[in-house]
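Undergrad: With chain A fixed as given, assemble chain B onto it according to the hints.
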Amino acid sequence: MTMPVIFERSVPGRIASAPPAPDVPDVPLEAIVGEEHIRSTPPALPEVSELDLVRHYTRLSQRNYAVDTGFYPLGSCTMKYNPKVNEDAARLSGFARLHPNTPAPLAQGALELLWRLEQMLCEISGMDRVTFQPSAGAHGEMTALMMIRACLEDRGEHRTRVIVPDSAHGTNPSSAAMCGFEVVTVRSDERGNIDHAALRRAADGSVAALMLTNPNTLGLFEEGVCEVAEIVHGCGGLMYLDGANFNAMLGITRPGDQGFDVMHMNVHKTFGTPHGGGGPGAGPVAVKRLLEPYLPAPTVEREGDRFLLDGDRPKSIGRVRAFNGNFGIFVRTYAYLLAYGPLLRQVSEAAVLNANYLLALLRPYFDLPYDRRCMHEFVLSGRRQKEQYGIRTLEMAKRLLDYGFHAPTVYFPLIVDEAIMIEPTETESRQTLDEFADALIRVAGECATDAETVRNAPHRTVVTRLDEVSAARKLNLRYTAAERRGS
Amino acid sequence: MKPAPGWRPHRYLPHTGAEIEEMLRVAGVASVGDLFSEIPSAVRLKRPLDLPPALPEGELFAHLVELAERNAHADRLVGFLGAGAYDHEIPSVVWHLAGRAEFVTAYTPYQAEVMQGELQAAYEYQTMLCELTGMDVANASMYDGASALGEAAVMSRDLTGRNRVVVSSAVHPHYREVLRTYTRHLGIDVVEVPHRDGMTPVEDIRAATGPEVAAVIVQSPNAFGCIEHGSALAEMAHAAGALMVAAVAEPISLGLLRPPGEYGADIVAGEGQPLGNHLNYGGPYLGMLAARQAFVRRMPGRLVGMTTDRDGRRGFVLTLQTQEQHIRREKATSNICTNEALNALAAAVYMAALGPDGMRRVAEANARRAHYALEQLTALPGIRRAFAAPVFNEFVVRTPLPPEQLNARLCEKGFLGGLALGAWYPELPDGWLVCVTEARTRGQIDAFVAAVKEAIVR
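Chains as they are written, first to last, in the working numbering: chain A, 1 to 487; chain B, 488 to 945.
Extracted from the complex, chain A is given alone in its bound form:
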């Protein structure tokens, strides 16, 4: 049965929330706001009772896959468990009901939280300062590149190019373009590291920065990271770390010690904040001292036992959003770090252990293009299945849904043919990994024995394979009355 959209549950005259009755003198609205400013027709929003509303969204929630319902081996996305107490903390009135324009003396608890969190993030990253403004990883990339640009221009250098490895996330080149940089792509070598010879050729006086992900998107540590930093610094460029894979390094090695000058962190990937079906996230950026003057204003500062917001930063790149970051997400981040303390190291140890264990279970059944010790994730290839049975990775991914698992990331990184990128995270138990491996091995087996079933998967989901081509060709991005008649 088709799930109705909420407009199809609408009955004129119903309402789920009654606004307060006017208890002030009844002056004509025309006199208050001006007749010419009054809306002619009301917005055609749904009209439902509170129970209608509850059932609708509860049913929608039941049509969703989530960490709380099952294993999410989505490589590069680090879908770990989101602790419940963090949600309770973020919902405390003192945080959730605090107005962002509250003067600093009346928001000391919030500012102290941010200040303490900054100290912790500096210790974990090996950096000196942090900005909380960026709302997501990509936003952090943009912020960081703008700081790099401001720093170089301050030195009188107008550098125009940013180097990005071919294994990078799409946000890297896209963020560079938003900052007006030209993107130079450098290839990876046969071990999956950035190719040093190619990097040397690209590294000249026009290079502002290298954007590197470490461990990279193949789940491999950049073995020559120190040499890479030497090459980039040698040409006068800065080292930027895409912190998407920070979960592999906590307490093991620090980006600041690897030669990076600036990095962003994806707190939903690393520090267990929920991802909300696409967001909100937060992408705090940590910098070495040389970039501190350019941080977005305001920054959080401590003077004696008082905390304040410092907006007087003449070299700042300016704000990247209206208020000071996704504070509610940072409450969760702070709570997460307090739950671990120095045991944070075990997060990375367990994440890397889980990935290596799962890789050992799966490697007999799939191609492994880069056969090295993996970090927190690994990338298999479905090349064998494609060549032998004509089955594409996407189809195997869809078949996994039938077995109750979310699919891994597929077709990324772009340098691996039929890529299957698996990241188990540290919060999954051995039993879960065994069950997942069994399911994926079974799917690999079905490619030989029951190819049609795999090719047409999924079969047990609330809808079968959806037509993305016609969705893009005949755009339907909003519900209309015509849709109601046609349904």
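These aren't lab readings, by the way, just hints derived from the structure by calculation.
Honestly, I wouldn't trust all of these hints.
Claimed, not checked - Each computed DSS-like pair below joins lysine-lysine, with the alpha-carbon atoms no more than 25 angstroms apart:
(1) A:288 / B:818
(2) A:288 / A:315
(3) B:940 / B:900
(4) B:533 / A:474
As the list claims (entries may be wrong) - Quick look at which bits of chain A chain B covers, simulated, 3 or more residues with Cβ under 8 angstroms:
(5) 204-212
(6) 229-239
(7) 325-331
(8) 342-350
(9) 357-366
(10) 401-407
Cβ atoms here follow ideal geometry from the backbone N, Cα and C, with glycine treated the same way.
TA: Then chain B, alone, in the frame of chain A:
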């Protein structure tokens, strides 16, 4: 089997010592330390992280409660502060539903067949936002209102091939600052037109808008709470071949006021926090972005579309992904990936809870209570209305003592006063931006006015 040396059990980590040993054996790795053998020794951290000790859940929560209690939140002080974030009533049902773990702990809906809940909810949000703004298409969300405006400026440059935007100084100062941050390195020139008496002067906009202008950017109600002449401004923009970009910082106003789509806006960029989202000390909030149909292929961010499955059933997918960074890389419309999906979902539940009638009544309650407060305040000696233009739920008055000082005295009486405007507009050192939403009762307004009276005669 012996447990792994040094391993301490933790409530978020399932591994037992025996399991670690067994898993290492399967993986063919000698020890936990050996998992990291590819990391050069020179960069390894050879000491424990210097972090506060791990706290058990009870102590952790108590510490956070203690920090939270040191904030003057809206349950402690009765707030008359807006200026870009608004304290509205949020029906309980909103976060009971948006807060369901199946929504909260989900990732971006890359596997559509198991993410129909999120996708349908986003499609419904897009529809409701179109209805509220009077626009044709809306995306699934941006970070916040200010960054949405920055993206709208870039979008208008891409659509027109022109490299200048004209922005009114009556647009929220944070929005203008973010606009400059976003456009600085893209060769987009930002020209600011000063407000006159709290309004954007239509003639000055006309004078500033030549054939090189991609967009005219105006906010209504504006940073002073005044309702702009949207149609006249849109005409000026269109006469010069530029787009009209409407910023909306207070979408509750659209329950009562003419929506941007009705007064000729081409792109709407706004803040969705007031639609069912908490104040959160500034975030997470909700960037709203809507546009005319013709511009959909230049829209940044995610879009959810309706389609059918192989059995002809209706379903929803992410669409036009070929515009996005993971496919287009440096040629994408924007670098945005993670958005504010959960806040958009909360906004949708909020709008559905109120419906057309409820949105109108909430908006009316805002307008009526704000006007009541305005009348009462300006009846006090020394307080006068700064600007004559009609307002919605915020207004500027000039105060006989510095607004900061007034706020400090009000705080002692349990009120969070309005914004002292001097920091944002130096020409208004005695300007006080007061906000009154439907969440403020008449009793609270009367008590506030009495406290203001006492503070200014003291």
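Undergrad: If a hint holds in the structure, say so; if it does not, say that too.
TA: Now the hints, each set against the structure:
Proximity of residue 288 (chain A) to residue 818 (chain B) is assessed by CA-CA distance (about 30 angstroms); at most 25 angstroms being required, the pair is judged violated. Straight-line distance between C-alpha atoms of residue 288 (chain A) and residue 315 (chain A) comes to about 16 angstroms, which keeps the hinted pair within the 25 angstroms bound. Straight-line distance between C-alpha atoms of residue 940 (chain B) and residue 900 (chain B) comes to about 12 angstroms, which keeps the hinted pair within the 25 angstroms bound. Between residue 533 (chain B) and residue 474 (chain A) the alpha-carbon distance is near 58 angstroms, which puts this suggested pair outside the 25 angstroms criterion.
Counting residues of the segment 204-212 of chain A whose CB lies closer than 8 angstroms to any CB of chain B gives 0, so the stated coverage by that chain is violated, three being the minimum. Counting residues of the segment 229-239 of chain A whose C-beta lies closer than 8 angstroms to any C-beta of chain B gives 0; at least three are required, and the coverage claim is violated. For the segment 325-331 of chain A, the stated coverage by chain B is satisfied: 6 residues place a CB nearer than 8 angstroms to a CB of that chain, which reaches the threshold of 3. With 8 residues bearing a CB less than 8 angstroms from a CB of chain B, the segment 342-350 of chain A meets the requirement of three and the coverage assertion stands.
Chain B is given as covering the segment 357-366 of chain A, and this holds because 4 residues of the stretch bring a CB closer than 8 angstroms to a CB of that chain, at least three being needed. With 3 residues having a beta carbon nearer than 8 angstroms to a beta carbon of chain B, the segment 401-407 of chain A meets the requirement of three or more and the stated coverage holds.
Checked against the numbered hints above, the structure breaks hints 1, 4, 5, 6 and satisfies the rest.
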